[in-house]
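Just so you know, the sequences run in chain order B and C. Numbering follows the numbering used here, in which position 269 of the first sequence is assigned residue number 269; successive positions increment by one, without gaps. Numbering follows the numbering used here, in which position 97 of the second sequence is assigned residue number 409; successive positions increment by one, without gaps.
Hint data in this document are derived by calculation from the structure and do not stem from the laboratory. For clarity, every value in this text was computed on a predicted model and none was experimentally measured. Check the hints yourself; a few may be wrong.
Covered by chain C, per the in silico footprint, the following chain B stretches (three or more residues, Cβ under 8 Å) [as the list claims (entries may be wrong)]:
1) 13-25
2) 54-67
3) 246-255
4) 296-308
For every residue, glycine included, the Cβ atom is placed at its ideal position computed from N, Cα and C.
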Amino acid sequence: MTDLINLYLPIAGNSVNCLAILGLGGAVGLLSGIFGVGGGFLMTPLLIMMGIPPTVAAASDSNQIVGASTSGTLAHFRLGNVDFKMGLILLVGGIIGGNIGVHIIKVLRALGNADFLISITYVLMLGFVGGYMFLESLQAMRKAKAPVQEDTAPKKPSAYAKMIASLPLQMEFTRSGIRLSVFMPLVLGILVGVLAAIMGVGGGFIMVPIMVYLLRMPMHVVVGTSLFQILFTCVNVTIMQATQNHTVDFVLALLLLIGSSIGAQVGTKVGKKLGGEQLKILLASLVLFVMFKMLYDLLVRPDVLLAYMGGH
Amino acid sequence: MKKYIQIMPHLLLVALLCLGLLPGHAIAESSMNIATTPATINMGARYNGAKIEIKGSAPAGSAVIVRFVGEPSELHLRQKGKVFGLLWMNVGTIKLENVPKVCIIDTSVPFEKIGEAGAPYSLAGTVKEVEIEKDADTHGIDIANELLLLKKHGKLYSESEQGVIMGPEKDGLTDFSTQLNVPSSLAPGKYLIEAVAVKDGKVIADATDSITAEMVGFPAWLSHLAYQKSLLYGIMATVIALISGLVIGLVFGSKGGAH
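Given only the sequences and the hints, what does the whole structure look like? Please build it.
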């Protein structure tokens with residue numbers, strides 16, 4: 001029976017249990033369906049735990065994301081939830097930032113500080129994003145419970161709103177219903193690109209909070225636009241990894257894609273039953289959980305003090 | 313020429329064993345033979361590790377050690393250590409030489425009963441032969457022990473005792489047989505099977521055989537494409553994922569998978 005569900009993956013150089021891979025894809029897809037983020041930074045470590053070499057796990061995950069984000073973008077496009085203008089500017093910024101990040105890593109590797117920077121960036125970013133989202137959602141939920149007070153006085157714009165309104169080259173983003181300087185998405189895209197390159201992830205879990213809190217885009221447009229941007233990033237990564245490192249196992253990617261698609265269907269239904277703030281607080285808890293796991297790994301002595309090259 | 317370069321290390325390994333330059337030292341007599349089944353490990357789509365059977369005969373009254381060994385090669389590893397006395401992270405890399413990719417061992421009696429003569433053939437003896445690059449900073453890590461743990465974790469090194477079954481004695485020889493489990497993470501290539509007979513604290517005979525692990529069918533085709541036509545492979549992987557995503561999107565008519 002076990003022979004029937006095992007499949008040998010020539011690029012990963014190992015045999016895997018198909019049901020386990022489908023199940024892993026399903027579990028991560030479930031979270032993705034609920035939150036609209038959460039693939040790369042969960043899938044890759046879990047694949048490594050299942051015996052897939054780190055470099056193959058990361059590259060094949062990118063290949064899987066191409067398929068997942070294609071169907072996601074298509075679905076959101078039908079619903080009118082993709083802001084192509086915003087997505088393209090973020091993508092340009094992401095590509096510029098990605099190249100800057102790769103060079104930063106090269107310099108730091110030469111100096112011997114790269115691994116320290118990667119670990120600390122991971123923990124700080126996850127802690128900051130998760131912590132901020134958690135507290136913000138908690139406050140919003142408390143406010144919702146409190147008796148509604150009619151606020152008749154016009155709201156004063158915040159210092160941040162004044163600052164972004166004063167930037168040059170203001171542009172209308174009709175789909176998102178906002179007006180912003182072109183520099184905002186470009187600079188933030190560069191920032192996410194730098195961080196994604198340093199951390200070795202797609203950057204979705206950093207991009208989504210940035211779109212929500214700094215670009216102030218509506219949540220439904222955020223998910224569709226994030227998927228659109230991620231699709232292009234992962235096409236680029238898949239082809240680069242396949243040609244330069246030979247680390248893309250597309251059979252593994254296909255299995256993960258089938259699993260995650262089914263998981264996402266269930267997740268979407270679960271997500272619809274939850275409110276926006278509940279979704280945010282659950283996502284924040286997930287990000288904080290990953291952050292604490294990483295912090296634990298940094299503080300506790302590993303079982304083996306040697307590791308193959310390629311992983312963090 | 314390329315094929316010649318590829319098989320050179322194997323020929324050298326067999327030659328060194330014949331000359332007694334590898335663990336085993338001086339061998340008094342060589343009345344030992346082995347045969348391995350199958351002769352080739354076919355790594356097809358359903359490959360999930362393999363069982364190989366080794367049969368042979370050894371001088372009567374001797375203890376037998378059987379090893380499945382990969383070609384020794386260079387290995388670059390990351391070292392983990394404490395930074396600022398608090399955080400465990402990668403602190404450097406180290407280059408090791410003479411590291412067998414795989415080493416699976418079985419014996420007819422426990423190593424402690426075989427004694428000193430058998431020690432070089434154990435896993436502990438194998439990692440002692442590993443050479444650490446000159447002037448390398450080991451960061452206080454017991455490299456041999458940690459390498460052993462790393463390889464055992466990946467199931468590439470294993471040692472079991474008393475799995476070699478000895479038969480009745482006949483004409484001064486004893487038949488023996490054992491089964492070794494080869495892991496699914498085995499890389500394609502040529503591997504050495506060696507059997508050693510130890511008696512009265514000395515290695516008195518040895519025999520070697522070889523076995524080839526090779527990809528066949530779909531994995532062979534895919535691997536060829538990924539390594540020889542990598543751009544085509546990358547585009548194919550992307551297009552298949554895109555089409556699959558579109559089909560999934562059309563079938564389900566809603567969100568796709570994880571991203």
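### Query
Counting residues of the segment 54-67 of chain B with a beta carbon closer than 8 Å to any beta carbon of chain C, are there 3 or more?
With 5 residues closer than 8 Å to chain C, the segment 54-67 of chain B meets the three-residue bar; holds.
### Query
Counting residues of the segment 246-255 of chain B whose CB is closer than 8 Å to a CB in chain C, do you get three or more?
Holds, because 6 residues of the segment 246-255 of chain B bring their Cβ atoms closer than 8 Å to Cβ atoms of chain C.
### Query
Are at least 3 residues of the segment 296-308 of chain B within less than 8 Å of chain C when you compare beta carbons?
holds (count 12)
### Message
For the segment 13-25 of chain B, count the residues whose Cβ lies under 8 Å from any Cβ of chain C; is that count three or more?
### Response
holds (count 4)
This entry satisfies every hint, going by the numbered hints stated previously.
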